[in-house]
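Chains as they are written, first to last, in this note's numbering: chain A, -14 to 218; chain B, -14 to 218.
Hint data in this document are derived by calculation from the structure and do not stem from the laboratory. Keep in mind that this is a model prediction, so the values were computed, not measured. It cannot be assumed that every hint is accurate.
A pair holds if it fits inside one copy or across any two, identical chains being indistinguishable in the list.
Unchecked claim - SDA-like, lysine to any residue: derived pairs with alpha carbons at most 20 Å apart:
| id | residue 1 | residue 2 |
| --- | --- | --- |
| 1 | Lys138 | Glu27 |
| 2 | Lys30 | Val67 |
| 3 | Lys30 | Pro86 |
| 4 | Lys30 | Glu82 |
| 5 | Lys30 | Ser87 |
| 6 | Lys30 | Leu53 |
| 7 | Lys4 | Ala85 |
| 8 | Lys4 | Leu62 |
| 9 | Lys30 | Ala43 |
| 10 | Lys4 | Glu137 |
| 11 | Lys4 | Glu217 |
| 12 | Lys30 | His83 |
| 13 | Lys30 | Ala85 |
| 14 | Lys30 | Gly151 |
Protein chains: 2
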Amino acid sequence: MTESQPGAGQGAFADSAYKEAVIDLLGAIAYGELAAFERLAEDAKMAPGIADKIALSAMAASEFGHLLTLNARLTALGADPVLAMEPFRAALDAFHEHSAPSDWYEGLVKVYVGDGLASDFYREVAAYLDPETRALITETLSDSGHSAFVVEKVREAIERDHRLGGRLALWGRRLMGEALIQAQRVAAERDAMTALLAGGVDRPGMDLAAIGRMFTRLTERHTERMAELGLEA
Amino acid sequence: MTESQPGAGQGAFADSAYKEAVIDLLGAIAYGELAAFERLAEDAKMAPGIADKIALSAMAASEFGHLLTLNARLTALGADPVLAMEPFRAALDAFHEHSAPSDWYEGLVKVYVGDGLASDFYREVAAYLDPETRALITETLSDSGHSAFVVEKVREAIERDHRLGGRLALWGRRLMGEALIQAQRVAAERDAMTALLAGGVDRPGMDLAAIGRMFTRLTERHTERMAELGLEA
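Kindly produce the complete structure, drawing on both the sequences and the hints.
What follows is the structure, given as C-alpha cells:
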C-alpha cells in the first residue's frame, strides 16, 4: 500500500475486480472522447475563419481516433464498448451542458483547460495500472500538439482586449468547479473505479493522504495551464 | 470536343487556366468535406444511442480525413487551401442551412442522398481531368462502407412506421432541389469550373447535349438511391 510503486503486474487481469475496474475506466475515457469530439465539432462552428475551423475540427477528429483505439481495447477485454461507456454518459453530458462556451474563446479555453485536467487525472490513475493499460491511456491522452494553437490564439486575443482576460479567468474557474462536481458524482456512483484507486491485496493503491496530494497536483497543473494562457487561475 | 475521350494529358497543369480550374474544383470538394464533417457531427447529436452516435461520428471523422488529403494536394499545387475553399463557403453553408434535418432519420437520408449526389457529380467532372487528379477525387469520394449502415437503419424505421416513408420521400425531393439551386449558383459564379466542363483547345469537354445527359444520369442515380432506402423519389 505505498504510492511509490505504482503499476499492477502482468497477471493483473486474472483478478476479475481489477478487470472490471479497468473496463470502467476505459469506458469513462472513451465516452469522454466521444463527448469531446461532439463538443469540439460544435465549437468549430464558432470559428472566425476556415483555417480556425479546420484546426478545431482536426482536434475533434483526433479525439474520435482515440475513441476507436479505446473501443478496440475494450472489445479485446471481452467488454461491449457501448455498455462500458453508458454509465458515464450522464455525468459527461451534464458537464458539457453546464459548460457550453458562449463564444470562440471560451471554447478554446475549455479545450485546453478541460482536456488538460481530464488528461492529468487519468494519468494519475493510470500510474496504478498494469503497464499495457497505462501505455494505452498515455497514448490516448497525448495532446498531438494542438495546445500550441490554443495558447497562441488566446494570448493574442487577451492582448487585444484586456477585459476578455478577466472574463476568461472566471470561465476557467467555472470549468474547474464543474469538472470537480461531475468527477465526485462519478466517484460516488462507480465503486469499481474507486476501488481501483484504493488498491488491492497485492496491488498498491492510494490512501486518503495520497488522494489529497493528487488533488493538489491537479490543482497546481490547472493553475499552470491558466498561466500559460495568460490568465489568472 | 467529344465526351468519349475524357481525361487531360500529363502536362495538363502547364495550362494555367486548367490548373486554376482544378484548384477551384478541389477547393469546392474540400469545403464540401468540411461542411459535411460539421453537419454529420451535428446530426450525431440526434442519435438514439451511443452506437448510432459512434457510427455517424465515424463518418464525420472520415470526411475530415478526406479534407486533409485534398488540402495536401492543394498545397502541392501551390494553392492556399483556405483561399481555395472560401469561394464555395456561401453556397455550401446555404445548402446545409436550408436542409437542416429535423430528426435522426432526415439526417440519415441526407447523408446518403446528399453525399451520393455530390459524389456522382464530382466523378462526372473528374472524368474530364488528368489521371492524377481523377484518382484523388475518386479516392476522396469513396464511401468507406458507411451507406450500408444508413440503408439498414432507414429501411427498419420505415418498416415500423409507414408514414415516416412518405415524409422521408418528400425530404429526399427537397434535398435534390436544394442541391440543384446551390450547384447552379456555383456554376454561375465560378467561371474557371464551368470552363473545365466546357473543355479547351486540346482537352475534351462537354457540349450542352452532354451536360443534359449528365443531369439525366445524376437524376437516375438519385432515384436508385431513394429506392435503395425504400423511398419513392
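Output the numbers, in ascending order, of every earlier hint that fails for this structure. 7, 10, 11 and 14
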